[in-house]
Structure formats: structure tokens, C-alpha cells
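**Student:** Residues per chain, in single letters:
Protein chains: 2
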Amino acid sequence: METTERIRAIAQAAKQASHLIAVLPTTLKNQALLTLADELNKKKPLLQEANDKDVRAAEDKGLSPALIDRLTLTDTVITAMSEGVVEVAQLPDPVGDVVTMWKRPNDLLVGKVRIPLGVIGIIYESRPTVTVDAASLCFKSGNAVILRGGKEAFHSNRALALVIQDVLKKSGMPEAAIQLFPLIEREAVYELLTLEDYIDLIIPRGGEELIRAVVEHSKIPVIKHYKGVCHIFVDASAHEEMAESIVVNAKVQRPGVCNALETLLIHDAIAPSFLPRIVSTLRKRAVEVRACKRSLAIVPDLKEAQEEDWYQEYLDLILSIKLVSSMAEAIDHIEQYGSLHTDVIVTSDYSNAHAFLQKVHSSVVMVNASTRFNDGNQLGLGSEIGISTTKLHAFGPMGLQELTTLKYVVYGNGQVRE
Amino acid sequence: METTERIRAIAQAAKQASHLIAVLPTTLKNQALLTLADELNKKKPLLQEANDKDVRAAEDKGLSPALIDRLTLTDTVITAMSEGVVEVAQLPDPVGDVVTMWKRPNDLLVGKVRIPLGVIGIIYESRPTVTVDAASLCFKSGNAVILRGGKEAFHSNRALALVIQDVLKKSGMPEAAIQLFPLIEREAVYELLTLEDYIDLIIPRGGEELIRAVVEHSKIPVIKHYKGVCHIFVDASAHEEMAESIVVNAKVQRPGVCNALETLLIHDAIAPSFLPRIVSTLRKRAVEVRACKRSLAIVPDLKEAQEEDWYQEYLDLILSIKLVSSMAEAIDHIEQYGSLHTDVIVTSDYSNAHAFLQKVHSSVVMVNASTRFNDGNQLGLGSEIGISTTKLHAFGPMGLQELTTLKYVVYGNGQVRE
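If you read the protein sequences in the order shown, they are chains A and B.
For reference, each letter of the first sequence is one residue, going 154 to 571 in my numbering.
For reference, each letter of the second sequence is one residue, going 154 to 571 in my numbering.
Any given hint could be a false lead.
The list cannot tell twin chains apart, which means a pair is met if one copy fits it or any two copies do.
[What the hints assert, rightly or not] Straight-line Cα separation of at most 35 Å, DSBU-like style, residue types lysine-lysine; simulated pairs: (1) Lys168 with Lys322; (2) Lys372 with Lys168; (3) Lys446 with Lys168; (4) Lys197 with Lys168; (5) Lys197 with Lys322; (6) Lys256 with Lys380; (7) Lys206 with Lys380; (8) Lys206 with Lys456; (9) Lys437 with Lys456; (10) Lys512 with Lys168; (11) Lys197 with Lys380; (12) Lys380 with Lys437; (13) Lys512 with Lys322; (14) Lys372 with Lys322; (15) Lys168 with Lys214.
In case anyone wonders, no lab produced these hints; they're calculated from the structure.
Produce the entire structure from the sequences given, and follow the hints as far as they go.
**Tutor:** Written out as C-alpha cells, the structure is:
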């Protein structure tokens, strides 16, 4: 078969399968997910054998230890993956909920019902765990999914897909509900991105370059976030101890992720005491600080931040610090350099907390808490499929509910329009 | 100024204005809208003078009477436009509503708050009434808007924009909150469609060709519907009188709009009595019927429908009719030829009503009511900005609420992540 025809056939099969799984009873979906969780544990040796091929190839190519770490399916990783599937089975099924219904003057009853989006394409890098996470979330929310993982994880993903396909088959469900995209050329993916008649949503997960390429080529709606330049603003009235523990947690607990802190904004009034304190604590935790000129007047031996530092998502033990003379200046900074991801105020002032929550336009705005809580699980959505910093459809972490949409249902008894 | 710079300046100004109007108190927004409603009435002569230029040019070019009708700002049209603005002022302000809030085990309070989308671009054809409708809906929902109407309505739109700008200025609000796109070349619009850093949503309103061109060129999310191929399925158990009045209303009351009926599906069991009856009634109303081969066995002098008829949005007094042997066949037909717009079952069977509502994937699915009710106003949303048949963000008619999104707000008291 021609590549183009083959891609179209995958998308068409997904569309067809999506109609079937859209109306599957919750119990059947949950049973299939629990079977999958079992099978992942049972097939551990087989999965690890396939994974070894990927890991050895990555080592031969000299890929980074961080990448190889994310690629490797250890016993612990497979167990966690299986537990994740059980968790998804335990989450409430959003499909079919009537979220609101009202009566019109002519007695029409108008309701909005939650339905799956249809077919979702997930394009990601070399993390085989995403294959199982994404498949189970899409399946539970009644969506068909087409998975396109990074080529470094090709054997691992193929082995995982075989396990998944086998479970679907045994459960009497359409295998096309969860498909692995078989081709590894990027150009083939671009073809997939034009099939708007079959695919309802594309979610790219990975580096900014990958995401920009997807947006560039897609005719299908894309939900994404380019990066997470997260801020904490320590207000004049902040409790210093609380501010310190939040800043350290946000920067140090896991620096390589999108909800880690990148820029700290400190109110002038608290800077003389708080700046030396936080710099000293951060240094003990091996964090490199790059600070604005005015900070240097308080702590002279700091490295000076450059204009480009304010745009940086370091994803590393580096923090930029800037003093501001007001909350308004902090908000302007966030507006100019931020990425609509996660921004925090630490304050004990009621009206500043209120105003910050209202005026900062990011998808998650917090008072007195670590940026690291911007995560579907931490916020109580259950497992997450990703984080959106685009305002359309979903803004912030996306759980099962964000993989659905609302259709109108109207109950009449013969009404016609005047 | 270069065209490119000029377009960027418009978009940038809109973004800046959007931050201000996002947090405007409801009363100030309503006052400005009521002033606008007054001014539209007061400036009637001025508006009509500008409109005359457009109408005369359209007549000279020999444009269709339907287009000229939509273009003309009669006294009645201006009064209705002004009343529409008053209605928008009276609608509840969706901005700032906390739609849900829950507590996490660590005492974090997590809420979702309704916020404006930001900047919306509306691209439409030569209906000057859309200029005022769209401006007032976007303004009320706290969004800045860039309006690009058809070139045939250029003078009318400019006059309307002057009235709007004047009201904004007098009310002390940023004039860039509502801007008319000054250029009439389509290529300039394509440049606008790439400015994803400033514009959050594009809504094209018009013919399928316009909409496809916008989707093709836009990097910004687009909400749209290509067409409305609406179906009514008359089930075996339908009350014939009810079915007749719904079908006639759906086809005849206003045939040129997207929620008018295009294809009638009739269950075999009721066809021998219902088909001759409905054909005779439709003929009296000057409707041309194109029917499937099997219909011809019951009413021999019908014109036979061709395969392409099932895809047609006639927007005219033409109806295609097909007999089906089951509800499943009706649903398959809708799936294959429909446009996810509006589909109706007329039935007196409870379980068929239930199953039809569940299995048909369209944005509005109805039982025993006319397709013509798919309209924001008729369904109780207030005025509508458009209808979406894309599942992302909004599916079906879009009112004020669909011009907003939800951001997360998190209230902590020092929580850090373990």
C-alpha cells in the first residue's frame, strides 16, 4: 500500500472504532483497563526484551543519560505503569453526564451532554510510559487514539501496542480504538495532520521544536504548551519562611519539568532581608542564581541576569531573580515574559492575593503554594494527558473531562418555530 | 507604515486593550452597550448615507438581490440592531464566575474561574449587522475583537465602527477593544491569521470557500461550521400530523439558513401513508422533492435523487427524501452524509428517542422539534456569535459563555509538593 493510503486507512479505522467505543458501557471499559493492567505485569519479560533493543541502540548512539533514563522500562516503571492504568479505571467516566438542562418558554427541554471528542492523535517523544498513559486515558473517555512515539522507543512501543491490541481483541473491542502509528518518518506524520475529516484533536508532547512543527502543519485543532516559564512573586507582606520553602520546592524538587520555577520576583520592601536568605539557601542546594542589577546592590557576588534570561525555561538548577517595586510591576513582568503556565504570589495581604488571582492571565494562578502543584494528579483531576496554555477548549492541566466535549440534546413534543 | 507592520500594530493594540476590558466591571460594560444602542438610533441618517454608497455600488455591479437585501440598513434593520445590543447588555456577564471549587487532601482549594479568551478575530461577509452583533458579544464577554467584514459593506462597516469607537472613547475605554480591519485584500487577512501571539481565536462566518481558506492559512485556533446538512428521521411510530408540521417548518420557514432541513429520512413502515401526504403538502409550499428510487414506487411522479443530493446543502426550497428500513439505517445515513449540525427524530417510541439522542454525533440532536431551533437565541443562550460543528471548545451554537475559557485558581497556605 502507498504511504498516503496507509495513513488514511489508519485514520479511517480509528474513526470507525471511535463510534463504537463512544457508547461502550463504563463497566466494559473498566474491565478492559484492569485486564490491561494485569497483562502489563505478566508480559514484563517480553516488554523488557523489546525495551533492551531500544536502550542499547540509544547507548550506541551516545544519547543523553536523561533520555536513556526516560526510555528505560525497569521493573518499577512497569509496575507504576500498570498501577496508573488501574487508577484510570477507578476514575469516574465523564461520558454521558448531562451537565445542565433547562426549559424554554415553549417547553423545549435543552440539555448539554458530555461526549467523547472522537479520534485523538498523540505525538510524543521517547517515553514509552506515555504510550500506556495516553492509551488508557483516551480509551476511558471513549476516544479512539493514534499514538506516534519517538523512534528511539520504537521497539518498546510496538511491544506495548501488542499487549494493548491483545487485550482489546480478547475484550471483544475494535482493535483500531488504540493504534500505534507504524511509520517513523516525520513527513508521514505531517500527512496525518491534514486528515481533519477523521481526526478531531492532536496533542503534541515534547520539546518546543516538535510542537511548533506540529502546529505549522496541522489542519486539525492542536492542544499544546510550548514551555513553562513559571514565576513566583514574593510580596512585601510575605512570610519569609513560607516563601523560602515554596521557592525551594518549586525550583529544586524536580527542576527538569515544565511546572518548575524559573524566575523569582521579589518586592523591594522585603528584598533586603529575603534576598540574602533565599540566595544562601539556594546555593546550598546547588542552584545557580542570575539576578537583576538592583539585586547586586544587596548581594554583590551574584551573576548578573541578561535580557534573555527572563525568557528562559532553564529546566535545570538555575534561577533568575528580579526585584520589583510593586505588584503591578511583577504582573507586567509575568505578562511580558511568562508563558501562561503557572504563576504564584506569596503574600499575607488579602487584597493583593485577590488582585493577583484576577489579573494574572495564566492557566494556573496560585496563592501561597508551590508551582509544582500544576499537574492533573496534584490538582485532583486524576491522571493528566497534558497541560494546555492555549485558551481554546482547555486551559491548564487536562484530565478525562478535557478529552470530552458537550453536545446539545433537545426534548420536544412537536414544537415548530414561529 | 508597511502593511505587515500595520497589521501587527492592530493585533498588538487589541492584545493590550484585551487586558483592560478583561477586568472591567459588568456595570461599566453594560452602560457602554446601552449608550451604543442609543447612538445607533441617533446616527441612523449617517449610517444610512454610508450604507447607500455600498448598496448603489452593489447594484451597479449587479450583485444578487439576496446579497443586497442582507447589505441594506433599513430603518427596521437599524432598530433591530440597536435592540440586539440592549439584549446583550441584559444578558448575565459570564466573566469571573467561579464555576467549581474543590478541596484537596492537603487543604489546597482548587477552583475554575471563567475568563475572556483574549482577542477574537471575526471574518465575515457583507452583512453589516454582524459588525454590531459580534462587537457587542465580544465586548460583553470581555474580549477585544478585530472585525473584518466583506468589501461590499466597507462604507457601512466604517460608519458603524466610527459610532462604536466614539462610544468607547466617551466611556473612557480603550478604542482598540473593537477595531475594524482597514484593509480589503484577502492576503492581508492571511497575515493576521499567523499572529498567534496576539490573537486567541478566529471565527469565520460565511460560505464554505471562505471558511476553508481561513482554516488553510490560520495558525490560530478556528471555530467554524462548513455547512448544515440537517436531517429529520420520521420513525415508524411518529405521529404523522406532528411529523408533517415539523418537516414543513424545518424546510419552509426560512430555507436559506444553515439550520433548515435538507434531507428527510422516512421509516419504511410509515412511508405508504406519510410519503404521499408530506409530498403533497410540500408541493403546495412550492418545495421541489428529490427522492430515492424506493420512494418512486409509492409516489411515481417524483424526481429521482442522485448520490450528490445526499451531500447537498440546498439553502433553497428543495428537499431530498430517502426511505430507510430501520433507525440504524437512518443513523448510518446521517453519519455518512451529515455535517454534525442538527439532526432530529420524530417518534413516539421512548427507546428509539433515547437511542437516537445517544448515537447521533451531531452538535444538536433533537426529538420531536424543528431543526430551526438550533440557534443560540432559540435555545436560550441569548444572542449567538456562531455555530460550531468542530468538537473542540464549543460544539453547537455559541453564546457569551462560549467566548470565555476557564483558568485554575489555587488557594494555598504554604503547601509544597512532597
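**Student:** Indicate, hint by hint, whether the structure satisfies it.
**Tutor:** Verification of the supplied hints:
Taking CA atoms no more than 35 Å apart as the test, lysine 168 paired with lysine 322 passes inside one copy only; the shortest distance there is 18 Å, against 51 Å between copies. When the C-alpha separation of lysine 372 and lysine 168 is checked against a cutoff of 35 Å, the pair qualifies both within a copy, at 17 Å, and between copies, at 25 Å. Proximity of lysine 446 to lysine 168 under the C-alpha cut-off of 35 Å is restricted to the inter-copy arrangement: shortest distance 30 Å between copies versus 57 Å within a copy. Proximity of lysine 197 and lysine 168 under a CA criterion of 35 Å is satisfied intra-copy only: 31 Å inside one chain copy versus 52 Å between copies.
Taking identical chains as interchangeable, the C-alpha atoms of lysine 197 and lysine 322 lie at most 35 Å apart only when both belong to the same chain, with a minimum of 20 Å there against 68 Å between chains. In this homomeric assembly, lysine 256 and lysine 380 come within 35 Å of each other (Cα to Cα) only across copies, at 28 Å, whereas the closest approach inside a single copy is 44 Å. With identical chains, the CA atoms of lysine 206 and lysine 380 are at most 35 Å apart within one copy only, with a shortest distance of 31 Å there and 50 Å across copies. In the homo-oligomer, the alpha carbons of lysine 206 and lysine 456 never lie at most 35 Å apart, since the shortest distance is 44 Å inside one protomer and 65 Å across protomers.
Taking identical chains as interchangeable, the C-alpha atoms of lysine 437 and lysine 456 lie at most 35 Å apart only when both belong to the same chain, with a minimum of 16 Å there against 86 Å between chains. Within a single copy, lysine 512 and lysine 168 get their C-alpha atoms only as close as 41 Å, which misses the 35 Å cut-off; across copies the closest is 14 Å, which meets it. For a Cα distance limit of 35 Å, the shortest separation of lysine 197 from lysine 380 inside one copy, 34 Å, qualifies, whereas the shortest one across copies, 50 Å, does not. With identical chains, the CA atoms of lysine 380 and lysine 437 are at most 35 Å apart within one copy only, with a shortest distance of 27 Å there and 63 Å across copies.
Taking identical chains as interchangeable, the C-alpha atoms of lysine 512 and lysine 322 lie at most 35 Å apart only when they sit on different chains, with a minimum of 23 Å there against 51 Å within one chain. In this homomeric assembly, lysine 372 and lysine 322 come within 35 Å of each other (Cα to Cα) only inside a single copy, at 32 Å, whereas the closest approach across copies is 39 Å. In the homo-oligomer, the alpha carbons of lysine 168 and lysine 214 never lie at most 35 Å apart, since the shortest distance is 38 Å inside one protomer and 46 Å across protomers.
When the structure is compared with the earlier hints, violations turn up for hints 8 and 15 and for no others.
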